[in-house]
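Trainee: Okay, here's what each chain looks like letter by letter:
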Amino acid sequence: MPEKSSEQMTLILHSGEFDKLMSALILGNGALAMGMDAVIFATFWGLERFKRGGLDCGKLSSKHFLGLGRWMVHRRMKRAGVASLDRLLADYKELGGRVIACEMTMEIMGIDRSSLRQDLIDAFGAVGTYVNEARQSGITLFI
Amino acid sequence: MPEKSSEQMTLILHSGEFDKLMSALILGNGALAMGMDAVIFATFWGLERFKRGGLDCGKLSSKHFLGLGRWMVHRRMKRAGVASLDRLLADYKELGGRVIACEMTMEIMGIDRSSLRQDLIDAFGAVGTYVNEARQSGITLFI
Amino acid sequence: MPEKSSEQMTLILHSGEFDKLMSALILGNGALAMGMDAVIFATFWGLERFKRGGLDCGKLSSKHFLGLGRWMVHRRMKRAGVASLDRLLADYKELGGRVIACEMTMEIMGIDRSSLRQDLIDAFGAVGTYVNEARQSGITLFI
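Chains as they are written, first to last, in this note's numbering: chain A, 1 to 143; chain B, 1 to 143; chain C, 1 to 143.
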């Protein structure tokens with residue numbers, strides 16, 4: 001049994017909404033910047049964002065932009081020094097954050113590996129993989 | 001004060017959506033299969049699923065089926081070797097998973113004990129019950 | 001690195017829905033009543049509830065009242081001995097619960113300090129503030 005540590009944040013990213021995805025990446029990047037490990041276990045709508053083009057603005061409905069419209073949100077993010085989702089995800093990977101794709105989601109939602117951005121995915125796993133990561137993590141969240 | 005352990009997963013199941021309920025049961029079963037204890041504290045829409053007939057397909061709207069239709073989802077679940085919600089819940093109980101029904105939810109949402117599947121519910125409790133379970137759990141999630 | 005403890009509950013309150021807000025406050029108050037520390041890190045729609053008037057009934061749509069109508073929910077809450085959101089929040093503060101407002105949310109959603117109920121907010125912080133609180137918390141949830 002791995003010892004409990006405060007040194008890892010393990011997120012289940014179940015939702016694919018703009019604000020939830022953004023929160024997950026900001027949390028992961030924050031943990032990494034503070035010397036923790038970070039794992040995102042992507043399931044259901046969260047995994048859909050890891051499909052090719054899944055982060056494209058066109059794939060996000062207007063309600064995903066906080067009810068403000070895409071242009072306004074992007075202007076405010078820029079002004080606040082917040083990177084785009086693409087940039088946040090690139091930072092996450094560069095800082096050593098890991099992404100695990102849920103194999104059961106792939107089967108149920110009909111997502112095959114070739115449709116996923118495999119450059120962003122470190123491993124494909126099932127619930128056992130998640131439990132092993134989470135049980136040694138100081139911070140566990142379902143987003 | 002109980003000592004912090006990696007040996008329990010304690011979930012608050014607040015949502016009653018098909019994909020969230022499925023995730024909770026798969027997580028619980030995964031934890032149990034790996035030798036951990038598991039507790040589901042069922043509140044609000046999550047508790048409604050523990051009413052008699054609460055897992056019936058007819059009670060789940062089409063949007064609860066991943067936007068794919070009930071038949072397609074069931075076919076894919078079967079192909080992926082994923083059990084139905086009924087079977088996942090039966091497995092959860094057989095593996096020793098516990099379900100605690102939130103008494104406050106029952107009062108606010110007007111759910112009485114006789115309408116609940118008491119064969120699946122181990123205890124009725126309030127927030128103090130939850131806190132006692134969660135504070136000794138290595139994995140805590142709000143689903 | 002702070003040592004892992006069972007003595008704090010740290011919630012991210014991302015959602016602003018009636019039932020989620022109520023759950024967060026009941027959880028926080030429960031933890032405090034049992035001698036734990038509690039922190040609510042308010043982001044996105046959760047932070048909007050900390051605007052002046054953000055807890056007013058008129059600001060909550062009918063779907064936020066469990067599909068039952070405002071009057072019915074309030075009657076049931078009263079009968080169940082559950083305080084109003086205003087009262088739950090006042091209790092939370094009196095018991096020593098802390099609220100941290102997410103600065104990034106303020107910039108992206110265009111919320112300025114003067115529009116927030118600063119009497120309820122203990123600090124303004126970024127993700128680093130959250131990670132520091134959460135990594136020493138026994139219970140971490142994303143609501």
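A few of these clues could be false.
Said to hold, decoys possible - Pairwise CB distance ranges, derived in the manner of DEER restraints:
(1) B:Ala80 with A:Arg117: 30 to 38 Å
(2) C:Ser114 with A:Met72: 18 to 26 Å
(3) B:Gly81 with C:Gly53: 46 to 54 Å
(4) B:Gly35 with C:Ser114: 34 to 42 Å
(5) B:Ser114 with C:Gly81: 20 to 28 Å
(6) A:Leu95 with B:Met72: 50 to 58 Å
(7) A:Met72 with C:Ala33: 41 to 49 Å
Claimed, not checked - BS3-like cross-link-like pairs, simulated, lysine-lysine; straight-line CA separation at most 25 Å:
(8) A:Lys93 with A:Lys51
(9) B:Lys93 with B:Lys78
(10) B:Lys93 with A:Lys51
(11) C:Lys93 with C:Lys51
(12) C:Lys51 with B:Lys51
(13) B:Lys93 with B:Lys51
(14) A:Lys78 with A:Lys93
(15) C:Lys93 with A:Lys78
For the record, the hints were derived by calculation from the structure and aren't laboratory data.
Backbone N, C-alpha and C define an ideal beta-carbon position, used for all residues, glycine too.
Trainee: To test your reading of the hints: which numbers does this structure violate?
Mentor: Hints 1, 4, 6, 10, 12 and 15 are the ones this structure does not satisfy, whereas the remaining hints hold.
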